[in-house]
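> Listed below, chain by chain, are the residues.
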Amino acid sequence: MTATADRATAGRKTPQVVDMSWDPITRIIGNLGIYTKIDFANREVTECRSTSSLFRGYSVFMRGKDPRDAGFITSRICGICGDNHTTCSNYAQQMAYGVKPPPLAEHITNLGEAAEYLFDHTIFQDNLVFVDFCEAMVKATNPGVLAKAERTEAPHAHVHGYRTIADLMRAFNPFEGAVYKEALQVSRITREMFCLMEGRHVHPSTLYPGGVGTMPSPTTFTDYLSRLMRTLDFVKKSVCMNDDVFDFFYEALPGYEEVGRRRIMLGCWGAWQDHQACDYRYENMNAWGKKMFVTPGIIVDGELVTNNLVDINLGMRILLGSSYYEDWVNEEPFVTRDPLGNPVDMRHPWNQTTVPAPQKRDFEGNYSWVMSPRWYDSASGQHLPLDTGGGPLARLWSTALNGLVETPYIKATGRSVRISLPKSEKLPEMTFEWEIPKWSNTLERDRARPYFVAYSAAMALQFAEQAMDLVRAGDTKIFNDYELPEEGIGCGFHEAVRGVLSHHLVIKDKKIANYHPYPPTPWNASPRDIYGNPGPYEDAVQGQPVFEENGPDDFKGIDIMRTVRSFDPCLPCGVHMYLGKGKELQQTHSPMFGAGNGTGAGHG
Amino acid sequence: MGRIRVGQPQVEPDTPTHVRGIRQGNEGPGGCQPGHHEDGTADARRSTGIQGKKHNAIMKIMPNISPG
Chain A
6 MTATADRATA GRKTPQVVDM SWDPITRIIG NLGIYTKIDF ANREVTECRS
56 TSSLFRGYSV FMRGKDPRDA GFITSRICGI CGDNHTTCSN YAQQMAYGVK
106 PPPLAEHITN LGEAAEYLFD HTIFQDNLVF VDFCEAMVKA TNPGVLAKAE
156 RTEAPHAHVH GYRTIADLMR AFNPFEGAVY KEALQVSRIT REMFCLMEGR
206 HVHPSTLYPG GVGTMPSPTT FTDYLSRLMR TLDFVKKSVC MNDDVFDFFY
256 EALPGYEEVG RRRIMLGCWG AWQDHQACDY RYENMNAWGK KMFVTPGIIV
306 DGELVTNNLV DINLGMRILL GSSYYEDWVN EEPFVTRDPL GNPVDMRHPW
356 NQTTVPAPQK RDFEGNYSWV MSPRWYDSAS GQHLPLDTGG GPLARLWSTA
406 LNGLVETPYI KATGRSVRIS LPKSEKLPEM TFEWEIPKWS NTLERDRARP
456 YFVAYSAAMA LQFAEQAMDL VRAGDTKIFN DYELPEEGIG CGFHEAVRGV
506 LSHHLVIKDK KIANYHPYPP TPWNASPRDI YGNPGPYEDA VQGQPVFEEN
556 GPDDFKGIDI MRTVRSFDPC LPCGVHMYLG KGKELQQTHS PMFGAGNGTG
606 AGHG
Chain B
786 MGRIRVGQPQ VEPDTPTHVR GIRQGNEGPG GCQPGHHEDG TADARRSTGI
836 QGKKHNAIMK IMPNISPG
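One line per chain: the protein sequences are A and B, in this order.
When we follow my numbering, the leftmost residue of the first sequence carries the number 6, and every step to the right adds one.
When we follow my numbering, the leftmost residue of the second sequence carries the number 786, and every step to the right adds one.
In case anyone wonders, no lab produced these hints; they're calculated from the structure.
One or more of the hints may lead you astray.
[As the list claims (entries may be wrong)] Taking lysine to any residue pairs in the SDA-like style, the calculated list, with each CA pair at most 20 Å apart, reads:
(1) A:K482 <-> B:R805
(2) B:K839 <-> A:R477
(3) A:K70 <-> B:R805
(4) A:K144 <-> A:F560
(5) B:K845 <-> A:K144
(6) A:K105 <-> B:E823
(7) B:K838 <-> A:G479
[Unchecked claim] Covered stretches of chain B, going by a simulated chain A footprint (3 or more residues, C-beta under 8 Å):
(8) 819-829
(9) 844-850
Yeah, the Cβ is synthetic: ideal placement off N, Cα and C, and Gly gets one too.
Chain B extracted, bound-state conformation (with noise of 0.2 Å):
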């Protein structure tokens, strides 16, 4: 800061960026999140929770669109 005179800072810089005990992300989203594949389409299920299965695509030659 210069010639500034500044006091203690009260916080780590980089405090907020982990809480523990909250997984760091960096592994990415595949395996533990619901209704997402492996090569990038999604199904309902990622939009909801409630009986998502009801919610595909009705016959296979339609894209799976998830629900808005």
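Next up, chain A with everything else stripped away, as it sits in the complex (with noise of 0.2 Å):
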């Protein structure tokens, strides 16, 4: 099941195969390496095996402790989007107990978890995603293409103010640029704003099953939407800037869709609940998962395979093959049947044991601490790798095929999402359409994120004056009680801000019997799977072209990063890369990359 069709193999040379490794990718915890071989000769990856070093346990520990607190300790499983695991967290809590927060919390909680997309979003895109095309790293990596792009006008100039796409990249330029430098300015006004609604950032104090604690009072919102105002100047700067630096790429680098390309497998669980809808009930699942102001759904080659809740719960399958755990199929279920009657496959989240068995990294053999989540597919008989597309890609894909959200800022279309944005401080009304694309590569998860990040802001005016009309109105309840059962399971579906989040639990004895948190990266860095499919990652680098210029002595592997970074594996801060016979170069990217402006080596 690889990804793309194979190139044609006509006129080609002599193989001259380099391994090339890059371990620590480092994501914002633990460690991700990405094992290539890269043949020169021929300017491709011909192989790729991602791998984890580091293991986390939460499934573990969790087992035995009260499930009231499983939100606060799974917002500790990410530096970035911890609240994102408390929300997920909430939702599976709330079905395991039956209770429905009032709408108003349901309101507080969607403005937080919109603030943290555009924040998380930006200070990625801008901040770290953009390191890998500015002009600093165009210049050390293409230097003809920076000359292209010198000589190339933005199409959007009028808008984002840079007459060139040059002019552009400079602007990206870390700690110089001013791109750069106004995205950290926004990503702690957003911040302010999240803290607004959860308390803080980035483990949420305010967030509980059934409810928020945050004190509605009308100043909450209206600061709230005051920073929403101030940056909307800079979100519709750039959906244009995103547009315009990667329309460039294709056309400046023929070929350059085939970068990080692999078959259209997209997972996206939905985001944002309506209060109207949602009731929390398993039994109703298909009913409010489809009311989400982000639709989930799967995608397969362009068609979408299901967008119900229920399926996509069922369908889950952790596959184990190349990771350091030991098999849990002899061990017990937890839940044989789920609350409609289905049946609950061994391998599903809510029937599996963490085993861990520490070995030696063996490539042929077991080589992660990443287990490999698949998405069973019953029409085809197959484990499917989904990948989340770095989140925005998912989403944006999966919202606009299945055409269900109408808002007033948004419109789903079938085919497309329309978000429109009202008059901000200097630039007018404007009105932005994500087309649904051609390919699933690296550039194309890169522009939806800015999308992404106009559609949440879309998002967050709806949910900030829908909660000042209750405010105004007295309704200011924002809390419910509940009772906590001595049996019950339940299942969170959320979008974490890199893609598909579920927690499933499981308690008895009033305790955890069972808990497993599946964030996205387990399915876009998953290892080859019992079957041997390969991860998102490793499918989506292996078989890429190489378009860097510069040859296996000063190769920086440009194209493979910026290919494992479309896929937001989080903060990436330094790579430690070696070459054959121990010939070391250590290069920091980000954020360290931009004081040596651009002669790349030195830091360390």
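Each of the two chains sits in its own frame; use the hints to bring them together as a complex.
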């Protein structure tokens, strides 16, 4: 099940294969290593393995704890999107306890999550992804492209104010570029918005199952709204800047669409509950799932396979194959049937038991602590290695294809998503249209991100308006009581910033009997499963062409880094790279890269 | 933990969930939290203990919004 079709084999030169490894490409927590074989004669990556050398064990130590603590503990899984875990854990707990938060609490949670998307996508795209596309980096890897950029006018210069593409790239330069610096300011404002709703960033103090503890005073919402309006100029400019730069790359480097391209296999679990539809009952999950403001869906080869959360839930399979764990098939299952009576597989997260088995890394055998989550497609009988497209690509694709979302600011048309943003400080009202792209590749993953920032801003406007209507009417109830049941099961489906997020919970004797969070990175960074299917990083990098002009001696692997980063594997702060016979190069790509203004090596 | 050898746990798994002497939260806040009404609405006493009544709405037709 490799992603892309083989390119023409005619005219191929004798392979000159060199092992190239990047380990760690640090994520927010844990280590991500990418081990590749690169054929420099034919300029392509022939093989790729993605590995993680860190074991977390949340599912092990959650057992026996009070389920009401789950949101606070699982928040610590991540240092940048911890609130997504709290929210998702609360969704799962609300299902298990049978409690529905009041409307205002749902709006406050949604506002917090919208601010998180705004913050996280901005800081990742503008301060980390753009380092790979900045003038200093392009000069070091593709000087020919930079020369062309100097001569190319930016089509949206009237919006963002940069005349040429090279001017834009200079604005991306870390520490010095105007966009880089402005993004830092914006991410501060958006984080303040988050803190107004969820207490603090990144581990919320005011989110609980059954409601929130945020004081819903009118100023809470006006403070949020005024900050949101301040960011709109930046949001509008970033959509245009991204379009200009990525369109330029397609034009300047013909064939660049093959970089990071894989078969379209995207998963989105949906975000932002609609308080009118959502009762958190499993039996009604298909109905309220479709009312979410980002529609859940599984997309294979451009077609929507399902948008039913029950099907999505039951199709989840956690496979082994290249991971340091023992199998759990002989353990006692926790959940044999779901509340609708459907059988639940032994490999489903509800039944998973984590049995770690540390061992030596062997690329022919087991080589990662990440398991291989797959989605079982009952129609084709395949275990699909879904990816999240870094989050926004799958979210926009699923929302567009479903065509269910229609709000005052957003319209999903079936082939695109239209986002309208009102007049802001400098720029007039603007409407953006994200159209379903032809490929699931590096540039489209990156391009979707600013569009989703605009989408989040548009949703935040709506939530803020609705929340203020409730407050003005005196409906300030933000919490509902519940009883902790003796036994229960729950599942939460949400979107972490970088893609699908699910929490599966089993309660026995008022304690956690089993708890399995599945964030996006296990899906994206998974190794080869028992059936030999590579994980999305491996699949996307393997077989991709190399456009970098440097040879093996000063190779930076920029195309590979762009691909891996397009999946948003959290904040990459350093890359240690070694070549062949023990010659080691250390390069820090970000945030230290800019200090040398593009000279490359030298920072440790 | 599979075949991994681990030491004695230093804490009971659910130690932090309840400290003796502190009321457990399942009863809900209704009765004892000032400013909260049975019907889910609230008044200014919810936000301040200092002359809360003076911060309430001045007319009955106005919603009672807690001060920020």
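> Go through the numbered hints given earlier and state which of them the structure violates, listing their numbers in rising order.
1, 5
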